[in-house]
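2 protein chains.
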Amino acid sequence: MFDLIAFDADDTLWHSETLYTVTQDKFVHLLSAYRETDGIEAELYQTEMRNLRYYGYGIKSFTLSMIETAIQLTDGRIRGEEIRQILAFAREMLKAPVELLEGAEEVVRALSESHPLMIVTKGDLFDQESKLARSGLADYFTHVEVVTAKTSATYQALLSKYHITPGRFLMVGNSLKSDILPVLAVGGQAVYIPYHITWVHEAVAQPADDVMGYFELEHIRLLPALVESLSNAKN
Amino acid sequence: MFDLIAFDADDTLWHSETLYTVTQDKFVHLLSAYRETDGIEAELYQTEMRNLRYYGYGIKSFTLSMIETAIQLTDGRIRGEEIRQILAFAREMLKAPVELLEGAEEVVRALSESHPLMIVTKGDLFDQESKLARSGLADYFTHVEVVTAKTSATYQALLSKYHITPGRFLMVGNSLKSDILPVLAVGGQAVYIPYHITWVHEAVAQPADDVMGYFELEHIRLLPALVESLSNAKN
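Just so you know, the protein sequences line up as chains A and B, in that order. The opening residue of the first sequence carries number 52 in the working numbering; numbering runs sequentially from there. The opening residue of the second sequence carries number 52 in the working numbering; numbering runs sequentially from there.
Derived by calculation from the structure, the hints in this document are not laboratory data. Some hints here could point you the wrong way.
Pairs involving identical chains hold if they fit within one copy or between any two copies, as the list cannot separate such chains.
Derived lysine to aspartate or glutamate pairs resembling DMTMM-like cross-links, with alpha carbons at most 25 Å apart [said to hold, decoys possible]:
#	residue 1	residue 2
1	K77	E133
2	K212	E164
3	K77	E253
4	K77	E150
5	K212	D54
6	K228	D261
7	K77	D126
8	K146	D76
9	K228	D54
10	K146	D260
11	K212	E180
12	K228	D260
13	K228	E180
14	K212	E196
15	K146	E99
16	K212	D190
17	K228	E133
18	K77	E132
Extracted from the complex, chain A is given alone in its bound form (with noise of 0.2 Å):
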């Protein structure tokens, strides 16, 4: 048996990646009056780049480098009228309703009848835990933390807050860079699920089939009857 499990929350229990996706098509159309689209996109993830150390992820440092892109490609002549359209893109992704991926209720409510769970999700702390309260998820988690990064030590700190046993310790994700390495370095083990976007700033290779711990499923609804098969190989 796991003494935890963990799971990442967007893309991985809810949809995340297609509303910046949708955001950043709208963005594009609304720059399209001042100049070609080509480019529009990979300025914008320059920008979020060069910005990630000051303002981290989440809704409002993507806004803060829309706005900024925007400025930057029409020399300034952006209008505050355009700006203000920016500003209301956020606003609808801030409130967008939270869609759970299909499976996603039905195996955190199973797993949480035999395991503690735990969600561990990298971002903005306010808009992460408005959208769990909204999820209707909450009440099946035991622990909820939000870190500012997903690295090996993340994990290791995790751990040991939680005094959990590496081996006893079994992290579900979609995002190999952040929630499958770190943990199988720290001698946790994981569960791949991929979603059918990646942020191209989480895009890493992914590990061998052999790898000991890590494991890759195609549906989160195949979730409960690999942690029984590892339970049961386990005792």
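Chain A is already provided as a structure; the job is to place chain B on it using the hints.
Leaving out everything else, chain B in the frame of chain A:
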């Protein structure tokens, strides 16, 4: 003895509100090219309050509200170059050196030798963690909690999480609304150390002097003596 002594951070351990007021002055000056300066601060405050439920606290939220207010108060005439200046204000705030309040470091160091210490701070996770890292104080604190609001329920949850009896918990801070009243409400003790500026959103009436567990100090340097006298009184 207390089982846990918790500190607010902004304007309790390091200067923060001054950074906001300096920036606000620059913002008013920026808009003075478009309109009379009277009422600009009030309008910004109203925008911040309206956005609080979407953005939460912190510099990024403040910046998005400045941009929105600038567009509104200029009827959209604000220029890209000026919005760029507002973004530069934000970056200056985020990069500003962390200036400790006089005496904060030696008090925290001294108390950390006899008590587990915790930081309980409201606001943006990324910015608060960055400030704590830059403050040089991180090693004195056993626990750090960045929360989205400081209500009685927040403190109740923290006390449960760390298995602390309310009567053996002491909170130290500069906001009656966030650091003192909700702690007294759950049966904890609280030390109010006023800062020379209070954000109007945090301003509330002071408890009477004879309220159980409530103390007021003029300076953080007086804290160790108070903690010692309270500990002696109880033993």
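Hints versus structure:
1. Taking the shortest Cα distances, K77 and E133 sit within 25 Å of each other both inside one copy (11 Å) and across copies (23 Å).
2. Proximity of K212 and E164 under a CA criterion of 25 Å is satisfied in both settings, with 23 Å inside one chain copy and 21 Å between copies.
3. Proximity of K77 and E253 under a CA criterion of 25 Å is satisfied intra-copy only: 22 Å inside one chain copy versus 38 Å between copies.
4. In this assembly of identical chains, the alpha carbons of K77 and E150 lie at most 25 Å apart only when taken from the same copy (20 Å versus 41 Å across copies).
5. With identical chains, the CA atoms of K212 and D54 are at most 25 Å apart both within one copy (13 Å) and between copies (18 Å).
6. Taking the closest pair of Cα atoms, K228 and D261 come within 25 Å of each other only inside a single copy of the chain (18 Å); across copies the shortest separation is 55 Å, beyond that limit.
7. Taking the shortest alpha-carbon separations for K77 and D126, both the intra-copy value of 20 Å and the inter-copy value of 23 Å come in at or below 25 Å.
8. Proximity of K146 and D76 under a CA criterion of 25 Å is satisfied intra-copy only: 18 Å inside one chain copy versus 31 Å between copies.
9. For the identical chains of this complex, K228 and D54 are intra-copy neighbours only, at 23 Å inside a copy versus 39 Å across copies, given an alpha-carbon limit of 25 Å.
10. Proximity of K146 and D260 under a CA criterion of 25 Å is satisfied in neither setting, with 40 Å inside one chain copy and 43 Å between copies.
11. For the homomeric pair K212 and E180, the shortest alpha-carbon distances inside one copy (20 Å) and between copies (17 Å) are both at most 25 Å.
12. Taking the shortest alpha-carbon separations for K228 and D260, only the intra-copy value of 16 Å comes in at or below 25 Å, while the best inter-copy value is 54 Å.
13. Proximity of K228 and E180 under a CA criterion of 25 Å is satisfied in both settings, with 23 Å inside one chain copy and 22 Å between copies.
14. In the homo-oligomer, the alpha carbons of K212 and E196 lie at most 25 Å apart both inside one protomer (11 Å) and across protomers (13 Å), since each shortest distance falls under that limit.
15. Taking the shortest Cα distances, K146 and E99 sit within 25 Å of each other both inside one copy (22 Å) and across copies (17 Å).
16. Proximity of K212 to D190 under the C-alpha cut-off of 25 Å is found in both arrangements, the shortest distances being 21 Å within a copy and 16 Å between copies.
17. Neither within a single protomer nor between protomers do K228 and E133 lie at most 25 Å apart by alpha-carbon distance, with minima of 35 Å and 38 Å respectively.
18. For a Cα distance limit of 25 Å, the shortest separation of K77 from E132 qualifies both inside one copy, at 15 Å, and across copies, at 22 Å.
Taken one by one, the earlier hints fail for this structure at numbers 10 and 17, listed in ascending order.
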